[in-house]
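Per this note's numbering, numbering through the sequence shown is continuous, rising by one, with the last residue being 117.
None of these hints come from the bench; they were simulated from the model. Built from N, CA and C at the ideal position, the CB exists for glycine as well. Be careful, since some hints might not be right.
[Stated by the list, open to error] Between beta-carbon pairs, the in silico distance windows are:
#1 75 to 45: 22 to 28 Å
#2 43 to 84: 17 to 23 Å
#3 50 to 78: 19 to 25 Å
#4 42 to 111: 32 to 38 Å
#5 103 to 65: 16 to 22 Å
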Amino acid sequence: MSTLAIRLDPHAVDVTIDAAALHFILADGREISAPLEWFPRLRDATPEQRQHWRLIGRGVGVHWPEIDEDIAVATLMRNN
């Protein structure tokens with residue numbers, strides 16, 4: 038019997054934000070999400086400010102420079 042070896046890689050490679058939640062797409066294909074309400078600065082930011090982000094620490098987290106917000110992947114994983 039063969040088994041599929043899955044290599045977990047909890048580094049963000051992409052970010053999306055909708056009206057209700059923040060979504061991190063991870064290098065291993067998983068998507069983790071958290072309510073936007075958990076992050077007041079991000080919640081109160083304009084759509085343009087929300088879209089201006091960059092990965093930090095090779096995907097360990099995400100930084101929004103215009104609102105001075107950093108969110109680690111581990112934060113979403115710990116709360117999910």
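These are the hints, each one checked on the structure:
1. A hinted range of 22 to 28 Å holds for the C-beta pair residue 75 and residue 45, which are about 23 Å apart.
2. A C-beta distance of roughly 35 Å is found between residue 43 and residue 84, which places it outside the suggested range of 17 to 23 Å.
3. At roughly 23 Å, the beta-carbon separation of residue 50 and residue 78 lies within the given 19 to 25 Å, and the hint holds.
4. Hint check: residue 42 to residue 111, Cβ distance near 24 Å, so the stated range 32 to 38 Å is violated.
5. Distance hint check for residue 103 and residue 65: the Cβ-Cβ separation is about 29 Å, which falls outside the suggested range of 16 to 22 Å.
Checked against the numbered hints above, the structure violates hints 2, 4 and 5; every other hint is satisfied.
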